[in-house]
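Listed here are the chains, written in short residue letters.
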Amino acid sequence: EAAVTQSPRNKVAVTGGKVTLSCNQTNNHNNMYWYRQDTGHGLRLIHYSYGAGSTEKGDIPDGYKASRPSQENFSLILELATPSQTSVYFCASGDDGEVVQDTQYFGPGTRLLVL
Amino acid sequence: GQQVQQSPASLVLQEGENAELQCNFSSTATRLQWFYQRPGGSLVSLLSNPSGTKHTGRLTSTTVTKERRGSLHISSSQITDSGTYLCAMERDSNYQLIWGSGTKLIIKP
Chain A
4 EAAVTQSPRN KVAVTGGKVT LSCNQTNNHN NMYWYRQDTG HGLRLIHYSY GAGSTEKGDI
64 PDGYKASRPS QENFSLILEL ATPSQTSVYF CASGDDGEVV QDTQYFGPGT RLLVL
Chain B
160 GQQVQQSPAS LVLQEGENAE LQCNFSSTAT RLQWFYQRPG GSLVSLLSNP SGTKHTGRLT
220 STTVTKERRG SLHISSSQIT DSGTYLCAME RDSNYQLIWG SGTKLIIKP
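In the order they appear, the protein sequences are chains A and B. So the first sequence is numbered by the numbering used here: it starts at 4 and just counts up by one. So the second sequence is numbered by the numbering used here: it starts at 160 and just counts up by one.
Isolated chain A (complex conformation) (with noise of 0.2 angstroms):
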């Protein structure tokens, strides 16, 4: 089964700062996603990346950037973070399966605080 991981799972941040929320997957999917989850709107893509060293923007992109350095790894960059960038972060990864109809694996989510 995929394994994907997310650090920091919680994390408190000023105004301000710069935030690094990262993404793990072992399962050597080229596809991973950043997606944020407040009440009310489901989830919502922000960045996505088709393989190691893209990345492209999702419905929500502004005041994120993104980077993928390898296969297993996908950041998420709040370089100015925000009050209304506090939400539930989640990273998911899947593959475009010739056969299998694809599904997206789901990391536990990072909780972001920012004051």
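Hint data in this document are derived by calculation from the structure and do not stem from the laboratory. Mixed in with the good hints, there may be bad ones.
[As the list claims (entries may be wrong)] One-sided and incomplete, this derived list gives chain A residues near chain B with beta-carbon spacing under 7 angstroms:
no., residue
1, T106
2, F109
3, P111
4, G112
C-beta atoms are modelled at their ideal positions from N, C-alpha and C, and glycine is treated no differently.
Given chain A, work out where chain B should sit, using these hints.
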């Protein structure tokens, strides 16, 4: 407006009753996926269904893409089924998901 709408927002049932969760989407979808979110927050994939009906255990997913709707049926509900059920629509074939806000299911003994 929200592209994926789930109903009801919350559902309270007695153990053993069946649950019916609805998902409507406002644009063309290649398939629907259903996820379960544990009270602690982690997400688990349940079913992925492009069209028609799929079964796994006590779960039945039905997707009618022409009518832009889907449903998840949970038979003989158990207390451990409590949590939030999220429907996600996959648009095009680029594996991006658009999510509903979820249905919170509470199963009482």
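Hints, one by one, checked against the model:
1. T106: 4 angstroms, holds
2. F109: 4 angstroms, holds
3. P111: 5 angstroms, holds
4. G112: 5 angstroms, holds
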